[in-house]
Amino acid sequence: MGNLVGEMDDVLLEVRNLKQYFPVKSGLIQKITGYVRAVDDVSFSVHKRETLGLVGESGCGKSTTGKTLLKLLDPTAGEIIYQGTHLEKLSIKEMRPFRREMQIIFQDPYSSLNPRMVVKDIIAEPLIIHKLAAGVEIQQRVHDLLDLVGLNKKHAKRYPHEFSGGQRQRIGIARALAVDPKLIICDEPVSALDVSVQAQVINLLEDLQSQLGLSYIFIAHDLSVVKHISDRVAVMYLGKIVEIAEVDKLYSNPKHPYTQALLSAIPEPQVSGTKRERILLQGDVPSPIRPPQGCHFHTRCLYVRPECKEAYPPLRDLGSNHFAACFLAKP
Amino acid sequence: MSDFILEVKDLHTYFYADAGVVKAVNGVNFNLAKGQSLGVVGESGSGKSITALSIMGLIQHPGKITQGQILLQGEDLLKKSPKELQKIRGNEIAMIFQDPMTSLNPVLRIGEQIAEAIAIHQKMKRKEAWQAALEMLKRVGIPEPEDRIKRYPHELSGGMRQRVMIAIALSCNPKVLIADEPTTALDVTIQAQILNLILKLQQDYHTATMLITHDLGVVAETCQNVMVMYAGRPIEYSDVKTVLETPKHPYTWGLLASLPKLSDDRNQRLTPIEGLPPDLANLPAGCPFVPRCPHKQPICHEKDPDGQWLNTGHFVRCHLYS
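Read top to bottom, the protein sequences are chains A and B.
Quick note: the first sequence uses the numbering used here, first residue 1, plus one each step.
Quick note: the second sequence uses the numbering used here, first residue 1, plus one each step.
Please note that a few of the clues may not be correct.
Heads up, incomplete: computed chain A residues facing chain B, CB under 10 Å, no partners named [what the hints assert, rightly or not]:
#	residue
1	G56
2	G166
3	D194
4	V195
5	Q200
6	E206
7	L223
8	K227
9	S230
10	D248
11	A261
12	L262
13	A265
14	I266
15	Q282
Calculated directly from the structure, the hints in this document are not laboratory data.
A quick note: this is a predicted structure, and the numbers were derived from the prediction, not measured.
Even for Gly, the Cβ is constructed at its ideal location relative to N, Cα and C.
Make a model of the complete structure from these sequences and hints.
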């Protein structure tokens, strides 16, 4: 599936056949009785200055994908290639320089900041660990970073509990930016925030991207937010990417029945005008320990056919970089 | 007696915290008629949930309802004894909470939890109540109800648990249903199922519904009327179409502009509301929205605007219209 990649030269990160299985243990001797296939054979690439949106319902493996890319979890199989280097083979020590290149912002701005550290120490810590600044330089750099994310000098000496959710998320962003990363994995960065504040943080992320030339992997379950911020979008279902395409194509012409249902389920704040036809999926997402035979989606799919129950449909190219894993999808 | 099942008049609920008096609900008025659905929208801390808890009589120390009336079919709930309230709660007014995991008892089978509510309020025998519980599970669309009724909450998915909560809430045919962020913890495809269910049950039983949410999209899909709250008070109220299409309050404008919409152009920039919601223990002088309002005038700093009805059925609290 190497042709998932557009022009090779501006690819920042390439992921090939990534798998992340978690063993399920049971009984007295904790025998392994099965595996949760959180990420199951996922391939995609991220280009320079690009935002790749990763969407799906809870348990589809989007956050696990994010953590595995940074090797916060060791991948079960597959390749993670960052600008030509195979990260999956690196030791913890060898990985360290790459941690400067790739950073992560977490969902919960309340639990991802150390409550006993003041803001300036939180932001300075990565600078010290990576030996990027010393002495007075550190203070200057911290002030620059606070300025960059829309906070100011006087915030430096405060503790996280003194800030609101949106401000804490800004602190998390400043900490991620401290090491001058090229890629930031944003794991549900705005889901815990109120709408008015959410818009502030989204605008900040967009400004930083154009100012600093960043690439984002933007993980979220809110499809309107993902549409707003992404260049390309990958839709995940039970550990697999079922569709990946440029954002406008995916939203205007979704090929996979799951994507179609997902898009039609978003409540829109409008009353008049063209009401979209709603596709109401029956049932729940099956367990990732025992995903259904064949296409994982066939238990809820409206267009299911006999062949869907037998084999998993491959991710096929439907033209102009639009890929979908469905037997019925047509170019 | 009026046509309204529920009337809330000038409700004030304050919390007496160490840091000062937190004015969580600061003058809420609204009516709910039979079969009507009202969406209550606002950011965290705007007083939506506290309004609901006040109606349910679930405000605990250090909170206190300091002023106002809550009339259920003309009778003031605030004048009832705890014992009388217990008969009303769960029977005539029922509530669904956001998190179905923490609001179900983890050590009881779901059937017992539904049957308990029915047995208490409708004075049924255990066996009859169990049958009624089974009937409720069918009604809320739980597949294989005979099997599921014997299960514990942890054996069900989030969507199923929320259906159980709805079954409990509707088991006694309440006149008023309060749903506090019933779908916020659920995925979009499951949210669509649950909203559909609430709508259908509301149409079938003509229950007056108050739906609390932060999601204007959810309101647009499920409610007839909407009340936008800010700093413990309604700042705009009308039917959903009017509020979404011709909003009058700058805060409502701000909310709508800060939402990313599917119909937006991709490069369209969001317009956030600058600043933060006010500290409810320390409200600014004048209009509470004034520090964030792009349309403020000198008078806004001095005088808190009175609410006014612009034309039939459109309420707004803003100096722009005085």
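- Would the hint on V195(A) stand, with a C-beta cut-off of 10 Å toward chain B? Check passed: Cβ of V195(A) comes within 5 Å of chain B, closer than 10 Å.
- Status of the hint placing Q282(A) at chain B (closest C-beta pair under 10 Å): Q282(A) check passes; min Cβ-Cβ to chain B is 8 Å, inside 10 Å.
- Query: Does the nearest C-beta of chain B fall within a distance shorter than 10 Å of the C-beta of I266(A)?
  - Reply: For I266(A), the interface hint holds, since the closest Cβ of chain B sits about 6 Å away, which is under 10 Å.
- Query: Should the hint that A265(A) touches chain B count as held when the rule is a Cβ pair under 10 Å?
  - Reply: Hint holds; A265(A) Cβ to chain B Cβ min 4 Å, cut 10 Å.
- Holds or violated: is there a CB of chain B closer than 10 Å to the CB of K227(A)? holds (6 Å)
- Query: Close enough to count: is the Cβ of D194(A) nearer than 10 Å to one in chain B?
  - Reply: holds (4 Å)
- Query: Hint check: is the beta carbon of Q200(A) less than 10 Å from a beta carbon of chain B?
  - Reply: holds (4 Å)
- Query: Going by Cβ atoms only, is G166(A) closer than 10 Å to chain B?
  - Reply: Constraint on G166(A) satisfied, holds at 7 Å.
- Item | Status of the E206(A) interface restraint (C-beta, 10 Å, chain B) | Holds: closest Cβ of chain B sits about 8 Å from E206(A), inside 10 Å.
- Go through the hint on A261(A) and say holds or violated, using the shortest Cβ distance to chain B against 10 Å. This interface hint holds because 6 Å falls under the 10 Å limit.
- Message: Would the hint on D248(A) be counted as holding, given a Cβ-Cβ threshold of 10 Å to chain B?
- Response: Holds, because the Cβ-Cβ distance from D248(A) to chain B comes to roughly 7 Å (cut-off 10 Å).
- Once the shortest beta carbon distance from S230(A) to chain B is found, is it less than 10 Å? holds (9 Å)
In this structure, none of the earlier numbered hints is contradicted; all agree with it.
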